[in-house]
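Engineer: Below, each chain spelled out in residue letters.
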Amino acid sequence: MKTVINKWKLPAVMLGPFLILIFLFFFVPVILTGILAFTNMDSAMNWEFNRLLNFEKLFSDPDISLILRNTLLYVLFTLCINVFFGLTLALLTTYFMKKEQFSLLFRTIWMLPRMTPPVIYALLWIWFFDPSEYGLLNGIRSLFGLPPVNIIGTEPMLIIILANGVIGASFGMIIFSSAIKSIPEDLFYAANIDGAPHWSIIKDIIMPAIRWPFMFVTLWQLLSLLTSYEYILLITNGGPLNESEVLALYSYHKAFQSFEFGYGAAISLVLVVIALVCTLILWKLFKVKDMIGPSRID
Amino acid sequence: METAGKSVPTIPGNTFLYQLKRKLPYIISYGILAVTTLPVIFMYLWLIIQSFASNMKYGLIPEGFSLENWEFLWTNIVYKGAELPSIWTATWNSLFFAGMLTVLEVLIGVMAGYALSRLTFPGREQILKITMILHAFPSIALLIATFYILNFMSLYDSLFGVVLVKTALQIPMTTWIIKGFFDDVSWDLEWAGLIDGCSRIKVWFRIVLPQVKPGIASVSIFSFLSGWSEFLLLYTFIVSNENVTLASFLQRLTSDPNMVNYGVLSAISLFYLIPVLVFFIFTQKSLMKANVGGVKKV
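Chains A and B, in that order, give the protein sequences.
Numbering follows UniProt numbering, with no gaps: position 122 of the first sequence is 122.
Numbering follows UniProt numbering, with no gaps: position 129 of the second sequence is 129.
Treat the hints with care, since some could be wrong.
[What the hints assert, rightly or not] According to the in silico footprint, chain A covers these stretches of chain B (three or more CB under 8 Å from chain A):
1. 20-30
2. 38-44
3. 64-70
4. 166-174
[As the list claims (entries may be wrong)] For lysine-lysine, the following DSSO-like pairs were computed, each having C-alpha atoms within a straight-line distance of at most 27 Å:
5. B/Lys23 <-> A/Lys203
6. B/Lys57 <-> A/Lys7
7. A/Lys99 <-> B/Lys202
8. B/Lys21 <-> A/Lys181
9. A/Lys99 <-> A/Lys181
10. B/Lys57 <-> A/Lys203
11. B/Lys21 <-> B/Lys129
12. A/Lys7 <-> B/Lys129
13. A/Lys9 <-> B/Lys23
14. B/Lys213 <-> B/Lys202
15. A/Lys203 <-> A/Lys181
16. B/Lys129 <-> A/Lys9
17. A/Lys99 <-> A/Lys9
18. B/Lys23 <-> A/Lys98
19. A/Lys7 <-> A/Lys98
[Claimed, not checked] Pairwise CB distance ranges (calculated):
20. A/Arg69 <-> B/Asp184: 44 to 52 Å
21. A/Lys203 <-> B/Gly99: 46 to 54 Å
22. A/Phe144 <-> B/Asn55: 16 to 24 Å
23. B/Gly31 <-> A/Lys284: 51 to 59 Å
Rather than coming from a laboratory, the hints here were simulated on the basis of the structure.
Note that the structure is predicted; figures quoted are calculated from it, not measured.
Every residue, glycine too, gets a C-beta built ideally from N, C-alpha and C.
Extracted from the complex, chain A is given alone in its bound form (with noise of 0.2 Å):
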């Protein structure tokens, strides 16, 4: 019996923390939205259930069918930019640019993005589109005696996948410049001796090279799009008017601006099972059995 308890001791220190903040933060939580999802809690806290009735109102939602929109608008077109000018980024900047310290300049001033604080980032997209003539844009425009546009007030949409587009394409811009950098040089000179193309170098070297890192870009950034609204929140918090409300920041204002945290939890629910299920598809696509070697010593 000691011996059992002395074998277990050392893990279950080492482990404890650990998985007292996953269970307390992670588990918990999971349960918790999908009881959450079937009461009408709000503000004072009381659990009352309400059966399905938040399901029926997210159905018959008068904005859900343009909250909808703007969430299919923006995580096509948001992961359309994350992973094709991440591609481009990457390619010109590993196959193209001979000069090292070049591309390294290059890769750095678009790591800026992901690395400055949200807020700061959303302040330099709410100046450089300002609607007065303070901002870059309005004020390269008056330099040609155009007047000043409100883009951030018609085409919220535009801004809001822009914005999140520069940040993810620099995700995508790593993980391919470090699967380009892998393949062997020899490659890259035969091809070169036999005077391939630029194009057919492409097509037949690096694409066959990057098919898995592009698969897992796309389903990393698919999910973290569907459920990420922090910029958003910070550019146009969602409007003017809903107009660039999407799914994950409904259920945030539900919650945290008109305190429907049971309606709220059930629109959570239904992003959750979304996320679950892509979670999976990463699982299965991307395991990697040999990261999971046993212990060598006991």
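Using the hints provided, position chain B relative to the given structure of chain A.
Structural biologist: Positioned in the frame of chain A, the structure of chain B alone reads:
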């Protein structure tokens, strides 16, 4: 490109057009990079220029140098008729939040990472699987339930409570990265220590831990920066003025469209950005590596 001269054979490599054709892809790629990178550079350039300028023309051209934008460092800003807390309160809170997060995250991550990398115990594989799945799980969808839990533990509106939440959200990724560092340490080192009569804990502390110091350093920097930049959790779970952090401080000033004063905003942003820039310049390479391990931002 046949010339009029009869006996001089033209080598294709020498003609201007051929050179141009060969260089064209490079010219185009540098062009694309320059054009797309320019707005990003402008944004950060503006931040610096605006904060020291008394007035701006065309968005980016300063008219006169002044330090009045930096007055927030010694006088409190009056906003909506009420005085905002001192910037130093916010700075200390941000430092406390980021520091506390780093300590907790590294401590728990190192312990759990070692256990998962080196110890044998039942349930190890399951925990590893869960860690990987949580790594991709969109925790942001669980904010409502997290709010309930914090409220229940009376940790709502407490910086420490938010530190716990943030630690929990990041710990799967951190542990995974640290586990990777431990995996690279040779088993012989550990065996040698055990044969010399050290206990398992002593071996861990004296022999294995020094081996992963660089890894721990980069994880620390990374978690400090993410704590320093955190916005959404603090914005949601902190209400009182004495617990305000730099992110919420700046957000409060940005969010009101009626009194946007870009001079002050850019000065505060620059002040808030200093640690990020310092870390970024000095640790750019190790950060890039840690990023490949996976970042959950979009």
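Engineer: Determine for every hint whether it applies to the structure shown.
Structural biologist: Going through the hints against the structure:
1. 20-30: The restraint on the region 20-30 of chain B holds, since 4 of its residues have a Cβ under 8 Å from chain A and three suffice.
2. 38-44: It holds, with 6 qualifying residues against the three required.
3. 64-70: Answer violated; 0 residues pass the 8 Å Cβ test.
4. 166-174: Since three or more residues must qualify, the claim that chain A covers the region 166-174 of chain B holds, with 5 doing so at under 8 Å.
5. B/Lys23 <-> A/Lys203: Between B/Lys23 and A/Lys203 the Cα gap is close to 20 Å, so the pair holds against 27 Å.
6. B/Lys57 <-> A/Lys7: Answer violated: B/Lys57 to A/Lys7 is near 71 Å, above 27 Å.
7. A/Lys99 <-> B/Lys202: With Cα atoms ~47 Å apart, A/Lys99 and B/Lys202 exceed 27 Å; violated.
8. B/Lys21 <-> A/Lys181: holds, 26 Å
9. A/Lys99 <-> A/Lys181: Satisfied, since the Cα-Cα distance of roughly 14 Å is no more than 27 Å.
10. B/Lys57 <-> A/Lys203: violated, 47 Å
11. B/Lys21 <-> B/Lys129: violated, 52 Å
12. A/Lys7 <-> B/Lys129: Within the cut-off at roughly 22 Å; holds.
13. A/Lys9 <-> B/Lys23: violated, 66 Å
14. B/Lys213 <-> B/Lys202: Distance of about 16 Å is within 27 Å: holds.
15. A/Lys203 <-> A/Lys181: Answer holds: A/Lys203 to A/Lys181 is near 16 Å, not above 27 Å.
16. B/Lys129 <-> A/Lys9: holds, 22 Å
17. A/Lys99 <-> A/Lys9: Distance ~54 Å between A/Lys99 and A/Lys9 Cα, so the pair is violated.
18. B/Lys23 <-> A/Lys98: holds, 12 Å
19. A/Lys7 <-> A/Lys98: violated, 55 Å
20. A/Arg69 <-> B/Asp184: 44 to 52 Å: holds, 48 Å
21. A/Lys203 <-> B/Gly99: 46 to 54 Å: With Cβ atoms ~50 Å apart, the hint holds.
22. A/Phe144 <-> B/Asn55: 16 to 24 Å: holds, 21 Å
23. B/Gly31 <-> A/Lys284: 51 to 59 Å: violated, 42 Å
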